[in-house]
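In order, the protein sequences belong to chains A and B. Taking the working numbering as reference, the numbering of the first sequence is continuous, increasing by one, and the terminal residue is 243. Taking the working numbering as reference, the numbering of the second sequence is continuous, increasing by one, and the terminal residue is 693.
Keep in mind the hints are simulated off the structure, nothing from the lab. On a predicted model such as this, the values are computed, not experimentally measured, just so you know. We put the beta carbon where it would ideally sit given N, CA and C, even for glycine. Check the hints yourself; a few may be wrong.
[Said to hold, decoys possible] 25 Å max Cα-Cα, derived BS3-like pairs, lysine-lysine:
#1 B:466 with B:454
#2 A:79 with A:131
#3 A:220 with A:150
#4 B:488 with B:454
#5 A:220 with A:160
#6 A:160 with B:283
#7 A:79 with B:633
#8 B:390 with B:466
#9 B:280 with A:79
#10 A:79 with A:55
#11 B:488 with B:579
#12 A:220 with A:161
#13 A:160 with B:390
#14 A:94 with A:79
#15 A:160 with A:150
#16 A:161 with B:280
#17 A:161 with B:283
#18 A:150 with B:283
#19 B:280 with B:579
#20 A:55 with A:150
#21 A:161 with A:219
[Said to hold, decoys possible] If we take Cβ atoms under 7 Å as the criterion, some of the chain A residues that face chain B in the derived model are:
#22 82
#23 85
#24 87
#25 124
#26 128
#27 158
#28 159
#29 208
[Claimed, not checked] Sample of chain B residues at the chain A side, in silico, Cβ under 8 Å:
#30 286
#31 338
#32 375
Single-letter residue listing:
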Amino acid sequence: MASKTCLGEQQRMGGPGVGCDLCEVRERSICSELGPREFTQVEKIMARRAIARNKAIMAEGEPNDSLYVIVDGSFRLSKILEDGRRQVTGFLFKGDFAGVRSTGASAYTAEALEDSHVCNFPHRFLDEISKDAPGVKDRLIARGQTEYHKAQDHIVLLGKKTAEERVISFIDMIDRTIGVDEAGDTGRRVVPLPMSRQDIADYLGLRLETLSRTLALLKKDGRICDLSRSAVTIPAQAVRVSA
Amino acid sequence: MNPLWRKYFSQRAPRYTSYPSALLFDSSVTPAAYTAKLSKIGLYQPLSLYFHVPFCRRQCWYCGCNMRVENNYERALSYVDALRGEIRLVARGLGGRGRPQTIHFGGGTPNYLSADDLAGVIETVELELGLTDQTRLAIEIDPRELKTGDVRRLVGLGFSRISIGVQDFDPEVQAAINRIQPFELVEAAVADMRTAGVADISFDLLYGLPKQTLSSFKESIEKAIALGPDRLSVFGYAHLPQSIKRQRLIREEDLPGGETRVDLAEAADAMLIGAGYARVGFDHYARPGNSLANAAARRQLRRNFQGFTDDAAEASIGFGASAISHVNGLYAQNAKAIDIYKNQVRSGILPIERGVERTLRDEAIAHTIEEFLCTTETDIGPVLAGASAKEAEAIRQSLGELAEDGVIEWRAGHIRLADGAGLLARVAASALDPLEARNRVEAGRFSCAV
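With the rest of the complex left out, here is chain B (with noise of 0.2 Å):
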């Protein structure tokens, strides 16, 4: 790694799954406002449909999800009913336009849910927004919570892409994130999952964790490697105690260092390279020929919620306790409250909590953040078009100071990431975003920031 980027790391970025942040969501959206933008969709729209199930058996200490432990599943029916109430509320909206392309169950576990739960949600769609076989069903799981047959009754409910939350295969690790997951319990899932026909699974793996170190995580790294997953996601992990309170359970003298935690990117990544895998975006990883490392070599590679992604759709419906959606322009935030998302489906309306609309600045800002993000490169223009003088003069400096350390190659109006610099592909976005971009020259450049 470049001496150079090394100030850079402690920077914080925002993720930039979606522009505004969620930060910036405010109550100014209304469920009428987002009826109003589901009335304008086209009547054979591709809708991408995000499901969050907010339920776990267990508490992972690392987790910054809008999650609970729950031990009551009656609780669990009745948030099912809501999601079925809510995806009634939602077809009226639409009334009969918009095709799903993408189905996608978050968490949460949501195999928490029994199949024949999650089946009754799939058939609500069904009937409600209409599916068809080609539309392409996506589930998180928890591999602990997989009992017999599960894997062959979700594909039978047509799930072809499973994406398991692996994190780390080291037992000490799983010991301090309290997350106990022994590897032939992964190996084992994806042996059914193979042997069930799916031909899409992913890992999600963390670095930055406590006990971690460049030796235990290269073994870990090994290991997944060895199960031969199509994608893979390597995620920073972000510990903010203050805010999350579950991560205070996690002891600040595990957690590895800053220099460290970029020896741990780096080789999960040379290792993910020289294993064959394609790098999409600065961290998923795809097999040549997986849909995602397709979409990325085509060029069609989109940023959301879920990260990188190969779904198309503009319109993405977010279904469950603060799940997002955003249509056309507007971000609507569900209630995050589990129990006043049900109580507002259950009394007819829209569970909307919170959002933001963009404005026409703000879409030239996020077109031009999602395409360096996933491209790498991108013309600067249409963002210094819409800035004003103040902001224009910050994102030449930030870019400027970014150009002289190597970090981007920045001629006449056009920006590209420098090869290798994949992890500071956020902190370099954040030089598009006028806001970002003055906070930081007023407090002193890159450099200074903490």
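Bound-form chain A, shown alone (with noise of 0.2 Å):
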């Protein structure tokens, strides 16, 4: 695994525990598109990255050339509104993917929110293998969640129409994505909670107080069972389908 100094930096595949065959992700990611021989092509150019909390892979307004896939960790999309303010536009987990195309000005900037890893893809190379394998971008699209998808995500949480339900949409969103089972089969799931509440206010299109007020009363009303800084967790499928 990376050590703190050779955070940010590129390093090359082939290390210590960081071999594509222990990737986490690589059935969800481009890789499982390729055959061995363009395998072997990738080992040798892509690039797994650590990044820093609060460290941007892609900057709003910035070229961006490569195609990233979230190895561990989490980001927040957001963009810079026309009167200045931030608007944050969605969060990235493992498995999913940010500048699906390659562009001269990156429409928003995609911010660490912990320390994580990317691989990154330049897309000149990703050109080169469509050659042999037509399609293969379009398939990467339409097996991952791409910014794309995060503004679909988006679009459907503002259309919500009470708060409770834009905080427990969104709570089940993420519990899709990197949710995990609580310890001791309570059937229970832990969903964490890697962004800040401004973060997740700011996303919802909530005030600050109305998000803590709503966590509470789904709290309160048993919606959600336990609640800290940086996880939730919520009642078994069961309990809250029929809820």
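The two chains are supplied separately, each in an independent frame; assemble them into the complex guided by the hints.
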């Protein structure tokens, strides 16, 4: 694993513990699209990078030539609105993609919410392998969550008419990506919340106070079992459905 | 004041808070046309929201706004219900698109509504359209209606900009306009706001009011400066008793003459600049460092129905009786009559009554006039390019006369308002408006118009 000193620096594949065979997201990533010959090429050209918390892999308005696969950790997507405010537009988790198209000016910024790892693939290389495997990019976009899917998620969430619905849908959305079963067969799910409350409020179009009030209310009526700064525990699916 | 400019002061010129002017709105704009525009707003496009509260406890005789004196709060409550209903209708049209960036409550008297009822409106905005802690909330208040604790409650709701209708501090003037509002009352309101942490307080002042004299108005300006508002607007009172009945209560013989009006406006300008305020547009003033002054300095000032503004949102959505929305080239105005407005919302239809859709040519004129008013200069090429031969000739003739009299400098395709000619900015802008320019030329140029 990358040590503190090489955070943010490019690190070639093949170091201890970071081999592609051990990659957790391999089945969900572009790599599963590759034949053995192409895979050998990929190993030469792609790079796994450690991204320290608060560092950006893509910056709004700056060129971007790489596709990123989030290997672990999480990222916040945001853009600066015309009036200078920052709008949180989505979150990327393990297995998600960023930078699906090569661009001279990225439409958003992607910043790490925690120390994270990404693999980056230069687009010119992807175009190269597309010659041998036509449509590989499209298949890639079809199977993973990209920034475009995140925009769809966002509009669905913003269309919810009560604060409770918005918050619950948000938690469910994250649960589907990075939620885990609670220890001890309770059937409950533990959903990590690596982003700040302010980020959540921004994303959901709520004021911080409304978000806090809504979380408290959900906890009181049992739709949330447990709540901490960085995670929320929700009831078993059966309980949620019958509720 | 340059004596050559005197003849321009009697000119009536549109306010150019929109182009085309609201006077040209007609019934061709329907709720469906407006809904179609709403559905094309971008996911993260900033929105500016305006809420009109058309109620007052008392009647100010100078007022030209859509308002009524309402002593039955129940009726205001059903209006609040209609506002919330209208928010839901707009939200349906937007389908999650657009992010509110500023919310402005104007009137009438917005603080006619209780803090709880204002909170209800804001909560509906939050749930239907989305709100963040960075959304700027502004409200116009009548200090006579502020009760103990109101300011604290408004700040608690998130209001960070408060504008006070001061008009004039002179007791005789206040009596002549039926707005008795002692200096001490305004002073206490400002103190309350400062204690509550309001960092953006604005005063509206009016010149040309009955009983105003140069010395009385200077005293009012002095008092205004002493209270240290962050911004001021100094508007000229427009006496239109033919169309605005309540203005007939003002005695014509009490009104200052045209010459005095110029003196009043120029005195206010000199005093505010002398006190360190920056001139913003031609009738707004702001402390350096205030967001309005910053926008002007960065040439990001805009003009909308509230006057000069630092609000950069391209789309503005108006709620309430007579409120005007402007979305992607379409102006759409709500029903003016409160009962018609309420009934239409109740039946589930956006209460659009009239409006106008800008043509490409209108866009060019609108942008040119806005740039001229906000920065005092502009290129006239786009306007001339869209004008007919006759209109272009009328524009050139009007500009020529203004340039000859030194109101503007005109070089090649560029005009600039002369220093000190701020009071004539609207008249000069009307020379760029093909309709106005043609009417004027047909009526015999500036000098002969009434």
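So, going through the hints one by one against the coordinates:
Restraint check: the Cα-Cα separation between residue 466 (chain B) and residue 454 (chain B) comes to about 18 Å, which is no more than 25 Å; the hinted pair holds. Restraint check: the Cα-Cα separation between residue 79 (chain A) and residue 131 (chain A) comes to about 34 Å, which exceeds 25 Å; the hinted pair is violated. Between residue 220 (chain A) and residue 150 (chain A), the direct Cα distance comes to roughly 30 Å. Violation of the 25 Å bound is thereby established for this hinted pair. Between residue 488 (chain B) and residue 454 (chain B) the alpha-carbon distance is near 20 Å, which keeps this suggested pair within the 25 Å criterion.
A C-alpha spacing of about 21 Å is found between residue 220 (chain A) and residue 160 (chain A), which places the hinted pair at or below 25 Å, so the restraint holds. Restraint check for residue 160 (chain A) and residue 283 (chain B): satisfied, since their Cα atoms lie roughly 19 Å apart, inside the 25 Å limit. For the hint linking residue 79 (chain A) to residue 633 (chain B), the alpha-carbon distance of about 47 Å lies beyond 25 Å, and the restraint is violated. Proposed proximity of residue 390 (chain B) and residue 466 (chain B) is supported: the alpha carbons are some 23 Å apart, at most 25 Å.
Our distance criterion of 25 Å between C-alpha atoms is met by residue 280 (chain B) and residue 79 (chain A), whose separation comes to about 24 Å. Of the pairs offered as hints, the one joining residue 79 (chain A) and residue 55 (chain A) holds, with about 15 Å between alpha carbons and a cut-off of 25 Å not exceeded. Restraint check for residue 488 (chain B) and residue 579 (chain B): satisfied, since their Cα atoms lie roughly 16 Å apart, inside the 25 Å limit. Of the pairs offered as hints, the one joining residue 220 (chain A) and residue 161 (chain A) holds, with about 20 Å between alpha carbons and a cut-off of 25 Å not exceeded.
Taking the CA atoms of residue 160 (chain A) and residue 390 (chain B), the gap is near 37 Å; set against the 25 Å cutoff, the hint is violated. For the hint linking residue 94 (chain A) to residue 79 (chain A), the alpha-carbon distance of about 21 Å falls within 25 Å, and the restraint holds. Straight-line distance between C-alpha atoms of residue 160 (chain A) and residue 150 (chain A) comes to about 16 Å, which keeps the hinted pair within the 25 Å bound. Straight-line distance between C-alpha atoms of residue 161 (chain A) and residue 280 (chain B) comes to about 22 Å, which keeps the hinted pair within the 25 Å bound.
With a CA separation close to 20 Å, the supplied pair residue 161 (chain A) and residue 283 (chain B) stays within the 25 Å bound. Between residue 150 (chain A) and residue 283 (chain B) the CA atoms are separated by roughly 20 Å; this keeps the pair inside 25 Å, and the hint holds. The hinted pair formed by residue 280 (chain B) and residue 579 (chain B) meets the criterion: a straight-line CA distance of about 21 Å does not exceed 25 Å. Between residue 55 (chain A) and residue 150 (chain A) the alpha-carbon distance is near 20 Å, which keeps this suggested pair within the 25 Å criterion.
Proximity of residue 161 (chain A) to residue 219 (chain A) is assessed by CA-CA distance (about 20 Å); at most 25 Å being required, the pair is judged to hold. At about 5 Å, the closest approach between the beta carbon of residue 82 (chain A) and any beta carbon in chain B falls short of 7 Å, and the interface hint on this residue holds. Interface restraint check for residue 85 (chain A): the shortest CB-CB distance to chain B comes to about 5 Å, inside 7 Å, so the restraint holds. Here the hint on residue 87 (chain A) is kept, as its CB sits about 5 Å from the closest CB of chain B, short of 7 Å.
With a least beta-carbon distance of about 30 Å to chain B, the hint placing residue 124 (chain A) at the interface is violated under the 7 Å criterion. Among the interface hints, the one on residue 128 (chain A) is violated; its C-beta lies about 33 Å from the nearest C-beta in chain B, farther than the 7 Å criterion. A distance limit of 7 Å between C-beta atoms decides the matter here; for residue 158 (chain A) the minimum to chain B is near 4 Å, and the interface restraint holds. For residue 159 (chain A), the interface hint holds, the least distance from its beta-carbon to any beta-carbon of chain B being 4 Å, beneath 7 Å.
The interface hint given for residue 208 (chain A) is met, as the beta carbon of that residue sits about 6 Å from the closest beta carbon of chain B, less than 7 Å. At a threshold of 8 Å, the smallest CB-CB gap from residue 286 (chain B) to chain A is about 6 Å, leaving the interface hint in force. A cut of 8 Å between beta carbons decides the hint on residue 338 (chain B): the least distance to chain A is about 6 Å, and the hint holds. With 8 Å as the threshold, the beta carbon of residue 375 (chain B) comes within range of chain A, its nearest partner Cβ sitting at about 5 Å, so the hint holds.
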